[in-house]
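Colleague: Taken in sequence, the protein lines are chains A and B.
489 is the number of the first residue of the first sequence in the working numbering; add one for each residue after it.
2 is the number of the first residue of the second sequence in the working numbering; add one for each residue after it.
Mixed in with the good hints, there may be bad ones.
To be verified - Heads up, simulated DSBU-like pairs for lysine-lysine below, C-alpha to C-alpha not over 30 Å straight-line:
no. : chain 1 : residue 1 : chain 2 : residue 2
1   : B       : 79        : A       : 1006
2   : A       : 916       : A       : 990
3   : A       : 799       : A       : 811
4   : B       : 44        : A       : 691
5   : B       : 79        : A       : 799
6   : A       : 757       : A       : 916
7   : A       : 691       : A       : 811
8   : B       : 79        : A       : 1023
9   : A       : 1015      : B       : 79
10  : A       : 793       : A       : 702
11  : B       : 79        : A       : 757
12  : A       : 916       : A       : 855
13  : A       : 958       : A       : 793
14  : B       : 44        : A       : 793
15  : A       : 591       : B       : 79
16  : A       : 1006      : A       : 591
17  : A       : 637       : B       : 44
18  : A       : 702       : B       : 44
19  : A       : 691       : A       : 702
20  : B       : 44        : A       : 811
Keep in mind the hints are simulated off the structure, nothing from the lab.
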Amino acid sequence: MLRLDVNVFDYAILAVYFALVVLIGLLARRAIATSEDFLLSGRSLPAWVTGLAFISANLGAIEILGMAANGAQYGLSTVHFYWIGAVPAMIFLGLVMMPFYYKSRVRSVPEFLLRRFNPATHLFNAVSFAVAAVLIAGVNLYALALVIKSLIGWPIWVSIILSAAFVLVYITLGGLSAAIYNEVLQFFVIIAGLVPLVIIGLKDVGGWHGLQAKVHSDKLFNSWSGTHVGTWNNPLGDWIGIVMGLGFVLSFGYWTTNFAEVQRALSAKDLSAAQRTPLIGSFPKIFIPALTIIPGLIAIAVIPKMGSGDKAYNNAIPLLMNKYLPNGTLGVALAGLLAAFMAGMAANVSSFNTVFTYDIWQTYVRKGRSDSYYLRVGRIVTVVGILIGIATAFIASGYSNIMNYIQLLFSYFNAPLFATFIIAMFWKRATAWSGVAGLAAGTIGAAVMHFAGYHIGYFYPGGDVLAHAKVNAQMVNFYGAIVAFVADAVVTVAVSLVTRPKPVEELAGLVYGVPDPKAPDPKSLPKPSWWASPKLLGGVSAGIVVVLSVIFV
Amino acid sequence: MTSDSDAPKSAAARLFDIRLLIGGLFVLYGLMLGIAGFFTSDKARAKAAGININLWLGIGMLVLGLLFLLWRMVNPLKVAPDADVAADAGGSDVHH
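Turn these sequences into a full structure, and let the hints guide you.
Modeller: Printed below as a string of structure tokens:
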């Protein structure tokens, strides 16, 4: 039984943390007078804050535990989720796409689609995003409750209500600023909790070489071996799926169009800070695998029967906390883990309330009211979103498979997004109706490929749909994304060629090569110092990834 | 849409400096862990592969916390002059 030996010292550390979480909400409340203050932090934050929040909004506990599990199961191949599957997209967002988002003054990602395409495209994206965000907030809440139950023995319903109440208090009071400030704090606490695990674990197994000797599997210490097309035996499949499916379609779709991420950059104080947001975030992203994959590998080395029974791969980090951390340090690690769960929920709720208030309520239901009206709507929607999250969590605790279906369903909507956005930003001929047509085609393509994948021998280890073999689900997922991208791109172009393009003046500032005449002269804007240049940051980040990829090939 | 004159002004300039809270939390945690580190039992030390982890993590967190407080002192939050006016206007809006 995995039950942490928590004592009064650990609880004191947790109590201090949770008091601070509420204090941040109370203090951030003073800075809210308008709906943009509440939903977009008044576009006032410095780049280092939004950059760390950018990475923290993704560094939820599900991500941390899941990546440690991948580390235990797939070994160093897991770095593909970071170096190929995140960093290039973050650099692209900062250098190429952010100027379109930030300079056009859109308040959300769906709003960009409204101005670039038409209300149908806008509704398709806004509704699917909003529904996914509240349901995934519920998934986070349920996952948090499960971990608390297994680690410290509290009943599921107590954890769900209590942690939702904390999130409710700090976001309803302090809005996006409170969410972002808590994400920055959580970033440092989770790092402080994971570093001791890696240090103690590596000392215990005798360093990196000791780890390699103890794990005793060369496969887990290579990232690219077995990725040949046609004869793959890497756990993530062949390189086409990894590079094109994961690295290009899925990664760019998530990092450059998911509003929970882009919102952090839109809250930055100026264009330079908005551009630097994902670039600053890319630096921790490069090194986080050291704190997730290494614990996964250590767990394989030191925990007998890892991967079976209640020693599921997902428990790699909690099992190591139990084995290595004395009271005190244990409290810090636990605070980091719980904070990461709450941050995962808060990021979803704080992007949901913005999309619902601006893109659904203000655009289609109640237009033209005063700003204080929309500020009030934003607060009420925040409460409603959290209540739906709680309901989802309770439903999930009865039928845990529902969660997998929900996440699968929304992955169909996410897969084609990047195709639509890249065409939207770089091809001014793309017409109003091509947007929604492309998105629908891509979503259908992803769904069809997912079901077809189970009948295609190539996706099975060994190359046959054998009675006992299990399909490589990651590989089907990667190829499904490629199909979604192609379907979206083909339909977007085809529909554009047979429908009337939008007048060029409506595209000002939204498409490459169509400048906004109302935009301020770039020469009049303050120039950032040389060390804060987005191009330099992006270049350095890309360089580090290339060097590390060569070392750990 | 309301006209610009009666629209509330942003109060974002009144947002506090997060460096104070990060610094404060890490200094407090650093002291708590560091002090506990002086009373580490042999059992706790053996559990952590012979490392007095509370002491080292405490020192690390204390240093990071002090760095945040130092950064805040050396480079305090600058409030742009017009943002200051906006903040005052926002403040009076909120309180009347």
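Colleague: When the hints from earlier in the document are held up against this structure, which numbers fail?
Modeller: 5
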